[in-house]
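Participant: Residue numbers (our numbering), protein chains in the order written: chain R, 1 to 253; chain A, 1 to 229; chain C, 1 to 215; chain Z, 1 to 154.
Quick caveat, the hints were computed from the structure, so don't treat them as lab data. It is possible that part of the hints are untrue.
Unchecked claim - DSS-like, lysine-lysine: derived pairs with alpha carbons at most 30 Å apart: (1) 49/Z - 91/Z; (2) 103/C - 62/C; (3) 153/C - 62/C; (4) 94/R - 62/C; (5) 94/R - 91/Z; (6) 224/A - 62/C; (7) 62/C - 2/A; (8) 103/C - 2/A; (9) 2/A - 211/C; (10) 2/Z - 224/A; (11) 62/C - 93/R; (12) 2/Z - 93/R; (13) 62/C - 2/Z; (14) 2/A - 94/R.
Here is how the chains run, residue by residue.
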Amino acid sequence: MTPILPLVVLALVVAAIVGHVAVPAVRPWAWKAVGALGAAMLVSLWYFGLYWAPPEQFMSDVGRILYVHVPHVWMALLAFTLNVGCAVAYLMKKSWVTDALAESAAEVGVYFGAVGVMMGSIWARPTWGVWWDWDPRLISTTVMLLAYVGYLALRSFTEDPERRATWSAAAAILSYVSLPIVWFSVRWWNSLHQVQSNPSTVDKPMVAVLRWGAVTMLCFLFVFIVKRYEIARSRQTAAMELPPLEAPRAEVA
Amino acid sequence: MKRPSLLGAAWLVLKKDWQIEWRTRARLTAIIFFSLATLLLFSFAMGPDIVTLRAHAPGYLWLGLLFASVLSLGESFRVEAENQALTGLVLTPVEPRAIFIGKVLGNASLLFVLSLVLLPVAVALYDVDLGRDPLSLVLVLFLGCVGISAPGTVYSAISANARARDVMLPLLLFPVLVPLLLAAVSATKFTLQPDPQEQLGSWLKLLTAFDLIYLSVGFLLFPKVAEED
Amino acid sequence: MALALEALDISKRFGARWALSRLSFTLEAGRSLLLTGHNGSGKTTLLRLIATASFPTAGVLKVMGYHSQDEREALRPLVGLVSHASFHYEDLSAAQNLTLTAKFLGVEQPASVVTGLLDRMGLVARADSPVRQFSAGMRKRLAIARLLMRAPKVALLDEPFGELDPAGIAQMEGLIQELQRQGTSVVLATHLVEQGQRLTHERLHLEGGRKVTPV
Amino acid sequence: MKPETRNRLIAIGALLVAASALGWIAFGSIGENLVYYWKPGEMIAQGDKAYGATIRLGGIVVPGSVVWNAEHTSLTFDVADSHTPGAPKVKVASGMTPPQMFREGIGVVVEGTYSASGTFTTNRLMVNHSNEYRAPDGGMSGEWKDTVSQADTK
Numbered sequence: 001m002t003p004i005l006p007l008v009v010l011a012l013v014v015a016a017i018v019g020h021v022a023v024p025a026v027r028p029w030a031w032k033a034v035g036a037l038g039a040a041m042l043v044s045l046w047y048f049g050l051y052w053a054p055p056e057q058f059m060s061d062v063g064r065i066l067y068v069h070v071p072h073v074w075m076a077l078l079a080f081t082l083n084v085g086c087a088v089a090y091l092m093k094k095s096w097v098t099d100a101l102a103e104s105a106a107e108v109g110v111y112f113g114a115v116g117v118m119m120g121s122i123w124a125r126p127t128w129g130v131w132w133d134w135d136p137r138l139i140s141t142t143v144m145l146l147a148y149v150g151y152l153a154l155r156s157f158t159e160d161p162e163r164r165a166t167w168s169a170a171a172a173i174l175s176y177v178s179l180p181i182v183w184f185s186v187r188w189w190n191s192l193h194q195v196q197s198n199p200s201t202v203d204k205p206m207v208a209v210l211r212w213g214a215v216t217m218l219c220f221l222f223v224f225i226v227k228r229y230e231i232a233r234s235r236q237t238a239a240m241e242l243p244p245l246e247a248p249r250a251e252v253a
Numbered sequence: 001m002k003r004p005s006l007l008g009a010a011w012l013v014l015k016k017d018w019q020i021e022w023r024t025r026a027r028l029t030a031i032i033f034f035s036l037a038t039l040l041l042f043s044f045a046m047g048p049d050i051v052t053l054r055a056h057a058p059g060y061l062w063l064g065l066l067f068a069s070v071l072s073l074g075e076s077f078r079v080e081a082e083n084q085a086l087t088g089l090v091l092t093p094v095e096p097r098a099i100f101i102g103k104v105l106g107n108a109s110l111l112f113v114l115s116l117v118l119l120p121v122a123v124a125l126y127d128v129d130l131g132r133d134p135l136s137l138v139l140v141l142f143l144g145c146v147g148i149s150a151p152g153t154v155y156s157a158i159s160a161n162a163r164a165r166d167v168m169l170p171l172l173l174f175p176v177l178v179p180l181l182l183a184a185v186s187a188t189k190f191t192l193q194p195d196p197q198e199q200l201g202s203w204l205k206l207l208t209a210f211d212l213i214y215l216s217v218g219f220l221l222f223p224k225v226a227e228e229d
Numbered sequence: 001m002a003l004a005l006e007a008l009d010i011s012k013r014f015g016a017r018w019a020l021s022r023l024s025f026t027l028e029a030g031r032s033l034l035l036t037g038h039n040g041s042g043k044t045t046l047l048r049l050i051a052t053a054s055f056p057t058a059g060v061l062k063v064m065g066y067h068s069q070d071e072r073e074a075l076r077p078l079v080g081l082v083s084h085a086s087f088h089y090e091d092l093s094a095a096q097n098l099t100l101t102a103k104f105l106g107v108e109q110p111a112s113v114v115t116g117l118l119d120r121m122g123l124v125a126r127a128d129s130p131v132r133q134f135s136a137g138m139r140k141r142l143a144i145a146r147l148l149m150r151a152p153k154v155a156l157l158d159e160p161f162g163e164l165d166p167a168g169i170a171q172m173e174g175l176i177q178e179l180q181r182q183g184t185s186v187v188l189a190t191h192l193v194e195q196g197q198r199l200t201h202e203r204l205h206l207e208g209g210r211k212v213t214p215v
Numbered sequence: 001m002k003p004e005t006r007n008r009l010i011a012i013g014a015l016l017v018a019a020s021a022l023g024w025i026a027f028g029s030i031g032e033n034l035v036y037y038w039k040p041g042e043m044i045a046q047g048d049k050a051y052g053a054t055i056r057l058g059g060i061v062v063p064g065s066v067v068w069n070a071e072h073t074s075l076t077f078d079v080a081d082s083h084t085p086g087a088p089k090v091k092v093a094s095g096m097t098p099p100q101m102f103r104e105g106i107g108v109v110v111e112g113t114y115s116a117s118g119t120f121t122t123n124r125l126m127v128n129h130s131n132e133y134r135a136p137d138g139g140m141s142g143e144w145k146d147t148v149s150q151a152d153t154k
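My request is simple: use the sequences and hints to build the entire structure.
Facilitator: Below you can see the structure in the form of structure tokens.
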């Protein structure tokens, strides 16, 4: 069941975002509702994560960062998957909607990824004794972030909207393709460091809190992407409108 | 009039790149001296400890090649951007995919020549042993050069027309190339040093797989970036 | 009568600026068009759209009945563009540049075709010098040789008289008339209005990317 | 064949190549070869072949064998094939500060060189720190699993 779960979540996120974009009636309130739910869940996450869940056997209270760190990186992965989906869609059929959605997904993904890596680094200090280590997860996540920072830089350095959309779609696909490769290769390069956790290797209360954290972050992911998408669209539409059929008088004179 | 096939056109593009290179020889000379300087700098920075240098030689060699590849890829598309020659090719018309194959092979062959030139330098500076498995070493170098060139060709076609192109190319290219470099460095290590656990074969397979992925994805993407919308 | 050009409400944007706005016109096959307007009025942009080097942001452009973007592969062999950007490789010689094009086009016996064209354009003496050493006029001649090799149905000439000496201008006029006799539609963008009107049938005047009646 | 059909076929072909290469990396057997290591017994059995080359050695840190130097920057310990007393073991000298998870009885993989003097010198020590997150009273407290073999099967 575990391998399908991320896909199900991705489908839900996409459905929610598409719904929000497509149905004008929900646009004024839906994001507020989800944001409020996220904020409420965040407050209760503090309680669950800091008091209710038991301390980890070797890392004691330090291990509690798990409940926010892991969801952040998950959200980054979701956002980048959404980004590459939009990039492929754009290359198949041009649309400013997918371009704007790709941009917002990438930016939100970089935010979640950067915060996730920072939290990982903070976690590493007390557990491994160093801020940074040659760890497959650290390296692959950081490389992923760098690739998407490059993607955003390319977008901001290209003025022509069509070129920006096409070029960044190509960059998005190349970056995303390299992700699994980076992940596997650094694993082998350093090897055996750790294998992925799954619910059977994590205690039940911890799994519960982790999932609570993931849903919290999902709410924020949705709100961020939807709002960022609106900004991207409003920037576009200014440039997208056709010039008037007749020249304005000042132009002729 | 019989137009050349996809591979025929790719061969013409490749030959044209070689002709340009041969007429000026500027690009190859420049990147040879640039990567020589890079390798020298690594040995200065690491100090005279020959054991460390020898152990890290594969890494330095590939970093030298990587830095040189940025210059070489940028130059390869500066030639195409001058007079909008690339647009001229597309309008001739030449299939963009043929241009991709030709340019990748052109860039890869140049890098490959560079890597062969750097080998004796690595012997002199880092005291590595080339005689252990020269055939595999050459194969690793070739696969690595193709792997750098495939995404490099797509990205330099993009950055040749972008603002701040000198910054854009490495910013986009380096993260994508990380896995290839890891594999190439490890594979090179096992051709220069004893390999009792016989890992070289696996690294070679991995390099081949990376090349196939980069080549086919680049092949699909390049037509999109080669033409203006 | 078939149409060489059919522009249906085409617009082209660069960044936030509209280089062409809501342009519509037609040109019958075999007839020639004069394109006039100030610098930056959109002449070059329009020629690049017709040559499929670039595509309209909005609207439909048909050249020889082909949709300029969706059917560009079929269309490209039929149009030829001589522009400010000469499409030449600076480090290849004139002969190498032309031979390359000839091979891509699949011309039989490229060597003799190339020599013939170079001879015709008066470039034989410098056939083996790299284009980098050419003067602006020689580059234009080379670009025209390239166009003649392609034998297009629609020939797009962007300021063909600029940079040429008087003899070159006379030769250029002769070439345009010859192309027209072969049934080629010539689209000529030039500031020399009277000379241009002598050579063409119709006129399109652009101002700020819009079609206007010349004053 | 129409040009569009041909183009589409070429594109699908390229996509298939990319997907199968990706699948080869992800699910093929290439990766397993690369995380391959010798247990101390196997390494000793190699004889001269093991000397001098960079190799990977994996096993269990023998309880009671960990010795730190005065500055606490380097250490030596024994690595054995298994927890069974009397299993083949090798002395390892590490110049690297180990990860915090490093402790007696845990599974480790070290990369370095083995010399004829019988010492394995390493600058890269990887603790098989497990993927488990447990409350202190959870199932396996106090007792370390043989995590090396567990990761091996993954």
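Participant: If you draw a straight line from the CA of residue 49/Z to the CA of residue 91/Z, is it 30 Å or shorter?
Facilitator: Satisfied, since the Cα-Cα distance of roughly 18 Å is no more than 30 Å.
Participant: Residue 62/C and residue 2/Z were given as a pair; does the straight-line alpha-carbon distance stay at or below 30 Å?
Facilitator: 22 Å, holds
Participant: Keeping to a limit of 30 Å between CA atoms, is the pair of residue 103/C and residue 2/A held or broken?
Facilitator: Distance ~9 Å between residue 103/C and residue 2/A Cα, so the pair holds.
Participant: Hint check: residue 153/C vs residue 62/C, CA-CA at most 30 Å. Holds or violated?
Facilitator: 13 Å, holds
Participant: Would you mind confirming whether the straight-line C-alpha gap from residue 224/A to residue 62/C stays at or under 30 Å?
Facilitator: 21 Å, holds
Participant: Would you mind confirming whether the straight-line C-alpha gap from residue 2/A to residue 94/R stays at or under 30 Å?
Facilitator: 34 Å, violated
Participant: Please work out if residue 2/Z and residue 93/R have their alpha carbons no farther apart than 30 Å.
Facilitator: Status holds; Cα separation ~22 Å.
Participant: Does residue 2/Z pair with residue 224/A here, judged by a C-alpha cut-off of 30 Å?
Facilitator: 21 Å, holds
Participant: Hint check: residue 62/C vs residue 93/R, CA-CA at most 30 Å. Holds or violated?
Facilitator: Judged against 30 Å, a Cα distance of about 21 Å means the pair holds.
Participant: Does residue 62/C pair with residue 2/A here, judged by a C-alpha cut-off of 30 Å?
Facilitator: Given that 30 Å is the threshold and the Cα spacing comes to 26 Å, the pair holds.
Participant: Is the straight-line distance between the alpha-carbon of residue 2/A and that of residue 211/C 30 Å or less?
Facilitator: 40 Å, violated
Participant: Taking 30 Å as the top limit, are the C-alpha atoms of residue 103/C and residue 62/C close enough?
Facilitator: Holds, at about 28 Å.
In summary, the numbered hints that this structure violates are 5, 9, 14.
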